[in-house]
Amino acid sequence: VYNFSFKSIDGDNLPLAQFKGRPILLFNSASKCGFTSQYTGLQKIHEQYKDRGLIVIGIPSDNFNQEPGTEKEIKEFCMVNFNITFLLTKKNNVIGNNAHPLFQWIDENYEAKPKWNFYKFLINKEGKMENFFSSMVTPSSPELIKSIETVVN
Numbered sequence: 001v002y003n004f005s006f007k008s009i010d011g012d013n014l015p016l017a018q019f020k021g022r023p024i025l026l027f028n029s030a031s032k033c034g035f036t037s038q039y040t041g042l043q044k045i046h047e048q049y050k051d052r053g054l055i056v057i058g059i060p061s062d063n064f065n066q067e068p069g070t071e072k073e074i075k076e077f078c079m080v081n082f083n084i085t086f087l088l089t090k091k092n093n094v095i096g097n098n099a100h101p102l103f104q105w106i107d108e109n110y111e112a113k114p115k116w117n118f119y120k121f122l123i124n125k126e127g128k129m130e131n132f133f134s135s136m137v138t139p140s141s142p143e144l145i146k147s148i149e150t151v152v153n
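For the sequence shown, the residue numbers in my numbering are 1 to 153.
Heads up, some of the hints might be wrong.
Cut-off 30 Å, straight-line C-alpha distance, at most; resulting in silico cross-link-like pairs (DSSO-like, lysine-lysine) [stated by the list, open to error]:
(1) Lys75 / Lys20
(2) Lys32 / Lys146
(3) Lys7 / Lys50
(4) Lys75 / Lys44
(5) Lys113 / Lys75
(6) Lys146 / Lys44
(7) Lys113 / Lys128
(8) Lys90 / Lys32
Listed next, with one range per pair, are the computed distances between beta-carbon atoms [unchecked claim]:
(9) Lys146 / Lys72: 29 to 39 Å
(10) Asn98 / Ser140: 26 to 36 Å
(11) Trp116 / Lys146: 16 to 26 Å
(12) Ile145 / Tyr110: 15 to 25 Å
Please keep in mind that the hints were generated in silico from the structure rather than gathered at the bench. The structure displayed is predicted, hence computed values, not measured ones. The beta carbon of each residue, even a glycine, is placed where N, CA and C say it ideally should be.
Using the sequences and the hints, build the whole thing.
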């Protein structure tokens, strides 16, 4: 994953290479989704594991027609409603021919792609995908926490 880069929600370069040797939890997000409340649990994961090296990155996407806002509106929504302090990117496509290259790579190499918002992709310290989780797997679920514990140790 270290060959890929995003633009932060504020427009800064966000190369994943800067996180080499650290595990990363990526997820595609949307503000108008039934799973939007997962932001709360993802913020808790960030707070609980940041000192152990875990990087949490939310990737807003309108691929499922539930993220109509601008980057400014998305950032404000996340700050006001969930007090988000983990990284957020600009809006990206996560499926289809125009998907961000990282999501194309995940699909080609791991046959995994988001089927809805709040799919979670856990990258290990070697930059390979450790596991992925559907929207139905909550941030506090034992299977996600167990996988996070594996990659931070």
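Hint by hint, here is what the structure shows:
1. Lys75 / Lys20: 26 Å, holds
2. Lys32 / Lys146: 29 Å, holds
3. Lys7 / Lys50: 21 Å, holds
4. Lys75 / Lys44: Given that 30 Å is the threshold and the Cα spacing comes to 18 Å, the pair holds.
5. Lys113 / Lys75: Holds - the C-alpha atoms of Lys75 and Lys113 are around 24 Å apart, at most 30 Å.
6. Lys146 / Lys44: Cα-Cα ~15 Å, so holds.
7. Lys113 / Lys128: 15 Å, holds
8. Lys90 / Lys32: Given pair Lys90, Lys32 holds - Cα atoms ~16 Å apart, limit 30 Å.
9. Lys146 / Lys72: 29 to 39 Å: Since Lys146 and Lys72 have Cβ atoms about 37 Å apart, the given range 29 to 39 Å holds.
10. Asn98 / Ser140: 26 to 36 Å: 33 Å, holds
11. Trp116 / Lys146: 16 to 26 Å: 22 Å, holds
12. Ile145 / Tyr110: 15 to 25 Å: Since the Cβ atoms of Ile145 and Tyr110 sit about 21 Å apart, the hinted range of 15 to 25 Å holds.
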